[in-house]
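J.: The residues making up each chain are set out below.
Protein chains: 2
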Amino acid sequence: MKIVALFLFVCSGAFSQNPVRAWRTQHEEQILSEYLKLLAIPNVAADRTDLQKNADTLMEMLNTRHVAAQLLTMPNVPPIVFGEIKTPAAKRTIVLYAHYDGQPVTPADWDGGDPFKPVFREVNGERRIYARSASDDKAAIFAQLMALDALQASHIPLKANIKFVWEGEEEAGSPHLEEMLNGHRDLIHGDVFLICDGPVDQSRQQTIAFGARGDTHLEITVYGPKRELHSGHYGNWAPNPALMLVQLLARMKDENGHVLIPHFYDSVKPLSETEKRALQEAPVNDAKLMEELWLGHVEGGGKHLLELLNLPTLNINGISSGRTGARANNVIPATAIADLDLRLVVGVDWRGQQQKVIDYVKAQGYTVVESEPNQETLLKNAKVAYVKRDSGYNAVRTSMDLPISEDVIQAVESAHKPVIKLPTMGGSVPLEGIERATGTHTITIPIANHDNNQHSANENIRVQNLWDGIETMAALLEMR
Amino acid sequence: MKIVALFLFVCSGAFSQNPVRAWRTQHEEQILSEYLKLLAIPNVAADRTDLQKNADTLMEMLNTRHVAAQLLTMPNVPPIVFGEIKTPAAKRTIVLYAHYDGQPVTPADWDGGDPFKPVFREVNGERRIYARSASDDKAAIFAQLMALDALQASHIPLKANIKFVWEGEEEAGSPHLEEMLNGHRDLIHGDVFLICDGPVDQSRQQTIAFGARGDTHLEITVYGPKRELHSGHYGNWAPNPALMLVQLLARMKDENGHVLIPHFYDSVKPLSETEKRALQEAPVNDAKLMEELWLGHVEGGGKHLLELLNLPTLNINGISSGRTGARANNVIPATAIADLDLRLVVGVDWRGQQQKVIDYVKAQGYTVVESEPNQETLLKNAKVAYVKRDSGYNAVRTSMDLPISEDVIQAVESAHKPVIKLPTMGGSVPLEGIERATGTHTITIPIANHDNNQHSANENIRVQNLWDGIETMAALLEMR
Numbered sequence: 313m314k315i316v317a318l319f320l321f322v323c324s325g326a327f328s329q330n331p332v333r334a335w336r337t338q339h340e341e342q343i344l345s346e347y348l349k350l351l352a353i354p355n356v357a358a359d360r361t362d363l364q365k366n367a368d369t370l371m372e373m374l375n376t377r378h379v380a381a382q383l384l385t386m387p388n389v390p391p392i393v394f395g396e397i398k399t400p401a402a403k404r405t406i407v408l409y410a411h412y413d414g415q416p417v418t419p420a421d422w423d424g425g426d427p428f429k430p431v432f433r434e435v436n437g438e439r440r441i442y443a444r445s446a447s448d449d450k451a452a453i454f455a456q457l458m459a460l461d462a463l464q465a466s467h468i469p470l471k472a473n474i475k476f477v478w479e480g481e482e483e484a485g486s487p488h489l490e491e492m493l494n495g496h497r498d499l500i501h502g503d504v505f506l507i508c509d510g511p512v513d514q515s516r517q518q519t520i521a522f523g524a525r526g527d528t529h530l531e532i533t534v535y536g537p538k539r540e541l542h543s544g545h546y547g548n549w550a551p552n553p554a555l556m557l558v559q560l561l562a563r564m565k566d567e568n569g570h571v572l573i574p575h576f577y578d579s580v581k582p583l584s585e586t587e588k589r590a591l592q593e594a595p596v597n598d599a600k601l602m603e604e605l606w607l608g609h610v611e612g613g614g615k616h617l618l619e620l621l622n623l624p625t626l627n628i629n630g631i632s633s634g635r636t637g638a639r640a641n642n643v644i645p646a647t648a649i650a651d652l653d654l655r656l657v658v659g660v661d662w663r664g665q666q667q668k669v670i671d672y673v674k675a676q677g678y679t680v681v682e683s684e685p686n687q688e689t690l691l692k693n694a695k696v697a698y699v700k701r702d703s704g705y706n707a708v709r710t711s712m713d714l715p716i717s718e719d720v721i722q723a724v725e726s727a728h729k730p731v732i733k734l735p736t737m738g739g740s741v742p743l744e745g746i747e748r749a750t751g752t753h754t755i756t757i758p759i760a761n762h763d764n765n766q767h768s769a770n771e772n773i774r775v776q777n778l779w780d781g782i783e784t785m786a787a788l789l790e791m792r
Numbered sequence: 313m314k315i316v317a318l319f320l321f322v323c324s325g326a327f328s329q330n331p332v333r334a335w336r337t338q339h340e341e342q343i344l345s346e347y348l349k350l351l352a353i354p355n356v357a358a359d360r361t362d363l364q365k366n367a368d369t370l371m372e373m374l375n376t377r378h379v380a381a382q383l384l385t386m387p388n389v390p391p392i393v394f395g396e397i398k399t400p401a402a403k404r405t406i407v408l409y410a411h412y413d414g415q416p417v418t419p420a421d422w423d424g425g426d427p428f429k430p431v432f433r434e435v436n437g438e439r440r441i442y443a444r445s446a447s448d449d450k451a452a453i454f455a456q457l458m459a460l461d462a463l464q465a466s467h468i469p470l471k472a473n474i475k476f477v478w479e480g481e482e483e484a485g486s487p488h489l490e491e492m493l494n495g496h497r498d499l500i501h502g503d504v505f506l507i508c509d510g511p512v513d514q515s516r517q518q519t520i521a522f523g524a525r526g527d528t529h530l531e532i533t534v535y536g537p538k539r540e541l542h543s544g545h546y547g548n549w550a551p552n553p554a555l556m557l558v559q560l561l562a563r564m565k566d567e568n569g570h571v572l573i574p575h576f577y578d579s580v581k582p583l584s585e586t587e588k589r590a591l592q593e594a595p596v597n598d599a600k601l602m603e604e605l606w607l608g609h610v611e612g613g614g615k616h617l618l619e620l621l622n623l624p625t626l627n628i629n630g631i632s633s634g635r636t637g638a639r640a641n642n643v644i645p646a647t648a649i650a651d652l653d654l655r656l657v658v659g660v661d662w663r664g665q666q667q668k669v670i671d672y673v674k675a676q677g678y679t680v681v682e683s684e685p686n687q688e689t690l691l692k693n694a695k696v697a698y699v700k701r702d703s704g705y706n707a708v709r710t711s712m713d714l715p716i717s718e719d720v721i722q723a724v725e726s727a728h729k730p731v732i733k734l735p736t737m738g739g740s741v742p743l744e745g746i747e748r749a750t751g752t753h754t755i756t757i758p759i760a761n762h763d764n765n766q767h768s769a770n771e772n773i774r775v776q777n778l779w780d781g782i783e784t785m786a787a788l789l790e791m792r
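Protein sequence lines correspond, in order, to chains R and B.
Just add 312 to the spot in the first sequence (first one is 1) and you have this note's numbering.
Just add 312 to the spot in the second sequence (first one is 1) and you have this note's numbering.
Certain hints may be false.
To be verified - Chain B regions said to be covered by chain R (calculated; three or more residues, Cβ under 8 angstroms): (1) 413 to 420; (2) 536 to 545; (3) 581 to 594; (4) 640 to 647; (5) 710 to 718.
Unchecked claim - Computed cross-link-like contacts, DSS-like style, restricted to lysine-lysine with a CA-CA straight-line distance of at most 27 angstroms: (6) R:600 <-> B:538; (7) R:615 <-> B:729; (8) B:429 <-> R:538; (9) R:429 <-> B:429.
Stated by the list, open to error - Over 12 angstroms on every C-beta distance to chain B, these chain R residues come out as not near it, computed from the model: (10) 585; (11) 625; (12) 655; (13) 666.
Simulated from the structure, these hints should not be mistaken for laboratory data.
Beta carbons: idealized from backbone N, C-alpha and C, even for Gly.
Turn these sequences into a full structure, and let the hints guide you.
T.: Right, dumping it as C-alpha cells:
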C-alpha cells in the first residue's frame, strides 16, 4: 500500500510540473485505444478509398476538438486534411505538417500477418505498438491531437495561430503537394512550416532537423532471352540478365560505399560553422548501432553516420531476377530488375542526379530506352536497359541562425533536454515544394523511435516515444 | 469428296510404309486424351502424395499393356516405376529411362493459371499441349507406352528384352537414384541405358546425345543489417547486401560469359575426332535462335551454342534482395540471395567445382559459413556469406565409336533422317550414378521441342514432337 501511495505521489508531483504529462498519465489507456483505431484503417498509397477513409476520420477527430477543418482536394489525389485554430492577438502562425498515408505492405512478412491489426509487444521491457504507420507518420498526427486535448484539459491557452496540414501522398513522393499548397496559399500560409515526420536520434533524445535529403528513384530493367530458358541447354550462350545487372550495378560504388558515377558529388553545398558545431555536439551512436544491427562493417570510409547524412546516396532498394530459395529453377531469366533510390542534399538536383546514373548506364554500353523495348530494339542492340524515371524533389536546409529557428529550438528544449540539432535528416520530406509554395522555412521535428522498422514489415512505435511526442507537440503548440 | 478420298489414300499410303505412324494417325484423339489425363496429375517434386499418384497411374498403364511392373521403393523417396518385357531368345536388354516428376511451378506465371490443367494452343499454325511436364519428361514415358501399343497393334514382335525405369526424383537432382539402382542391380541390368529426356536440336531434327552435363547448385546469402533499414536514415552508412552481392557476382564472369573463377576450366576432357566431326555435321541454329529469342548478343566469344555445351557453366538462376516494381520500398535490405547453377562436363568434379566458387568467395574477403550466421559471427566478420551446397553429379560422355552406340544410331536413323549426334547435351541427367550402379553405358534420346519452356511457366510439347517421339521410341523397342 505504501508503494502505491508513493507512486501516486510521484505522479501528482509530475502533474504540478508538467500538466501535459500529467494529463497523459491519467489517460493512457484511453489514448492508446483511440490510436489503435486510427492505425486499423489501412493507408497504403495505392488504395484511394482507404486513404479517403483516413482523411474522413481525421476530419472527424479535428471537428470533435472544435478545430475548423476542411479537405483540400484535387481530382485523383488523396485530399489534404487542413485544420486551423485562430488565436486572438496572435503574432505568429505555426503550421504543423504530417502525413497519413503509409508505405506498401507485404502482409506475409509481418509477424501476425496483418499490418492493419495493431498489436502491443514488449521489446526489452518496453511497450511498442506494431502496425503500418504506427511511426511513419500517424504518430505525429495523433501526438498533435493529444497535445491539443492535454492543453485544452489543462486550460493552457494558445498564443499563436495554429494550422494543421496533413498530407495523403507522401509515401508516393508527394507529387501533387506543391500544386495543392499553391492553390491554397492564403489558407496554408504561416511563419514556419514544421514537418512532424521521421525518427529521433538513435540515442532516443529529442531531435530537430533543419533539413531533409531530397529523393528520387530509377527502376532499371535489363534483358536476356525473350522467355526464360533452361540453364543447361542454353547456359553460357544466352546472355543472363542477372549477370548483366550485377555487372552494371557493381561498379556504381566502391567497397566503401563511395559512388563512382562521374560527378555524383559535384556541387554539394558545404555545411556552415553553426551546422558543423551542432554535428560535433550530437552523440555518436555508431558503435552501439552496429551492435544493435549485427553489422561487422559500415560504409563511409570512417565518417560517422550523422556526417554521412549530409552526402547524396545511391541505394539498391531491391533487385530481382529469376527466383531464389525453394522457388529457384534452373533457368536463364528473361529480365533482371533493380530499384535504385537516390537521396539528394542541398546543391544537387534530382533530375541531374538521375541523368548522371543514366549517362553511366549508357557509358557501360547500354542502349537506354524509356519504354518497354520491342523485338526490333532488342535485336538491334547488344545491351538494352529500360530505365523508368520516378518523380522526385530536392533537399532543403534551413539555417539554424534564423530567429524562428532559435525560437523553435527554445520551445522544444522547454519540453526535453538536451535536444539534438541536425543540419539534415537522412530521410526525405518534400520540403522543396513546400517552401516554394508557402514562401516559409521548414524545420523538421520527428518523434518516432529510430528502431521502428519504418518502410518495412513490423513497423512499430515505442509507446514512450508517443508520450514524449505529445509533450514535444504541446510545446510547439504553445509557441508565442 | 474427291479431296477426302485423296487424303485417305495418302494416309493409307503412309500405313503401308510405317505401321507405327499409321497406327498413330488412326488414334490421334484417343492418344491425346490419354496424355491429358496423365498431365493432369500434379507432379511437383515437393509433394510426395502427388508423386505416388503418378507412379500408381504409370503402374496401371503398364499393367494394362501386360508389362510386368513393380514399384522399386525406399523410405521417403518417390518410387521408381519398373517394367519388364522378356523376349524369348533375346540377345540384348535395352533399358529405357525417363522421369515422371516435374519442376516447381508458380501458377500465377502460367497463362490460364493452372499448370495441371493441360490445354491445347496453336503456335505458328502448330498444335501444342501446355502443362507442367508436357515435355519434361512425361512425354518420353508416354511415347514409350504409345510405341508399345503401336507395335502390339501392328503385330511387330520385339527382338530384345525391354526394361522401363521411370524415376520420380530427377528434378530434385536424383539424390537416391544410384542407391536405388544399386539395390536392384540384377533387375535393372541391361546392355545399354537409354535416357529418354531433354529436347531435340533447335532445327527440330531428331537428336542423339552421347552425354549430358553434370549439375550442382550453390545458394549464397550475404548480410546487411539485422533488419531492413530506412534507406534515407541509414543510406551510405549501413552496408547494402544487394550491393555486396552484385559486387561478389559481377567479377565471377567477364562480359563474354567466360568464368573468371580460378581453375574453373582446368581438367576439361577434350573431344575425340569422331565427336568433333559429329559437331561439325550438326546444323548451326545460332542466328535463327537469336532472332527467336530477341537476343542482340550472345556469350561465348564467337563459339557456337553446340560447341559451348561442351564447357562447364556458372549460371545465376536467380537473385533477390528487397523488392522491385510495385512492391519496392525505400529500404536497405537485410539479406541478398543468389542461386547459382553449375553445369559440369567430363573431367570436372562437382564437389571440386563448388569448392572453386567457395574459394573465390573467400578470396573476395568473405567469411564463408555453412549455416545461418548468428550475431557473434556477423559482428566479428566484416563480410559473411552463408553458402548452401546442394548435392550434385558429374557429367558423362559415351564414346560414339562403341558397337552399341553405332547400333542405336542405326535404329534411330531407321525412323528419322538426318539424325544429329551430340557429344554432350546441355541439360543434365544423373548419368554418372546410373553408369556406376548399372555398369552399362548411357545414351540420351530426347524427343521434346527445344522451345518447350522447360523448367519455366507455360511448359509445352509440340504435338508433332510427340508423334515423332512415338516413332523414335518404337524404333528403339524394335532393336535387335
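J.: For each hint, tell me whether it holds in the structure or not.
T.: Taking the hints in turn, this is what the structure says about them:
1. 413 to 420: holds (count 3)
2. 536 to 545: Held - the region 536 to 545 of chain B has 10 residues with a Cβ nearer than 8 angstroms to chain R, which meets the minimum of three.
3. 581 to 594: n = 0 at 8 angstroms, threshold three: violated.
4. 640 to 647: Since 6 is at least three, the answer is holds.
5. 710 to 718: violated (count 0)
6. R:600 <-> B:538: 13 angstroms, holds
7. R:615 <-> B:729: 71 angstroms, violated
8. B:429 <-> R:538: 25 angstroms, holds
9. R:429 <-> B:429: Violated, at roughly 37 angstroms.
10. 585: 24 angstroms, holds
11. 625: 4 angstroms, violated
12. 655: 5 angstroms, violated
13. 666: 16 angstroms, holds
Figure legend: structure checked against the earlier numbered hints; hints not met, in rising order: 3, 5, 7, 9, 11, 12.
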